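Q: Counting from 1, one number per residue, gives the positions in the sequence shown under the UniProt record's numbering.
Hint data in this document are derived by calculation from the structure and do not stem from the laboratory.
Check before you lean on any hint, since a few could be wrong.
Pair ranges (Cβ atoms, derived) [claimed, not checked]: (1) Leu-236 - Ala-405: 29 to 37 Å; (2) Ile-69 - Glu-215: 17 to 25 Å; (3) Asn-51 - Glu-407: 31 to 39 Å; (4) Gly-90 - Pro-9: 33 to 41 Å; (5) Gln-415 - Asn-51: 42 to 50 Å.
Being a predicted model, the structure only gives us computed values, none of them experimental.
C-beta: ideal position from N, C-alpha, C; glycine also.
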Amino acid sequence: MKFSQLVAPTLREDPAEAEIVSHKLLLRAGFIRKLATGVYTYLPLGLKVLNNVTRVVREEMDRAGAQEIFMPVLQPAELWQETGRWKQYGKELFRIKDRHERDFCLGPTHEEVITDLVKNSINSYRSLPVTLYQIQTKFRDEIRPRFGLMRGREFMMKDAYSFHPNEADLDREYQNMHQTYCRIFERLGLKFRVVEAAAGLIGGGYSQEFMVLAETGEDEIFCCQACDYAASRELLEANVCPKCGSSKYELIRGIEVGHIFKLGTKYSSKMKCVYVDENNQEQPMVMGCYGIGVARTAQAAIEQNHDKDGIIWPMPLAPYKIAVVPVNIEETEQREVAEKLYRAMSGEGGGVSVLFDDRDKRIGAKLKDIDLIGIPIKVIVGPKGLKEGKVEVKWRRDGKTELVAKEKVVEWLAQSL
């Protein structure tokens, strides 16, 4: 992509509406724009990051044996009334009526819909277990939307649901999903902690949250210093570890990006989602559910990866891995060398996502924009280096620089990535 064609309107100052650094940087660097309170448009850079998250999530969910589906956002009230959540959810549920005065909601979650689907699709123990997932837009009428994509009224989630013949089989899949989530967040380059948590409106007997560690996190985490136990602070009645009894602990803050639940038969019993077992007897299916806040994960990464100049994306999340920057685009040799490198890196031989800064701007302004956006590697084509047949390679994270022969830089970077 050529920077001159990229829709990425940057801002000089922090927007007044933004309270935390990740929200400020997403707006300033041209990743998102606000449409209404808690509702945002993803600009090209923002969508690229979102797609990078979903790609890793999809790869790991498929690897874990889950199957992808896509369920409706619009959900009939009758399903929610079966489980009692139509009233329980309160004002956070977006409710609408169609022209026939029938009640619907915009789904904040899909337990009822998936249970109805499986109820009408699977009826034998021979078809179990099964795990289905989707990556879908959710809606929640938050009382106070804030922090950009962290707590919006419209948000992107990956939600998965598993169905089992018994609790033992649910335990196996729960551990499978636990390991899958750890792989996802590790691949995305995030520092996180898994903690015991309250089940909330989703319900069930046991749940764990995946917390990206950040001082700006809304959640307080109890971490025992005598063992590996960690839990959401709200879950504990006293500052004593329920696992080992120690009173030595630390409190840290985190951002919830994932939550996994053992639902048991909470939904299947109420909605009569049953299967026929080996003895020809009907049994309620045992369920689990597993969510990841896709957009929230992308923003949480910024809380861990930024400096005074802007975002420092982990390589797997970066909208572009490399920026090719000629010092003076009007200078023929610089332009030709930069264009050749851009084609070589992004073409069939390279296949790396590259941003070519072809703007006629001062080099300082160009580098400032690229640092704000957070591209991990800059390849700077300037007159001093070209006199020696070299270009400058600079890493965003640590500021390390290398002078590399222009003929070898593509191969050299391929080995570094």
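Q: State for each hint whether it applies.
A: Verification of the hints:
no.	hint	in the structure
1	Leu-236 - Ala-405: 29 to 37 Å	violated, 59 Å
2	Ile-69 - Glu-215: 17 to 25 Å	violated, 38 Å
3	Asn-51 - Glu-407: 31 to 39 Å	holds, 33 Å
4	Gly-90 - Pro-9: 33 to 41 Å	holds, 38 Å
5	Gln-415 - Asn-51: 42 to 50 Å	violated, 26 Å
Checked against the numbered hints above, the structure breaks hints 1, 2, 5 and satisfies the rest.
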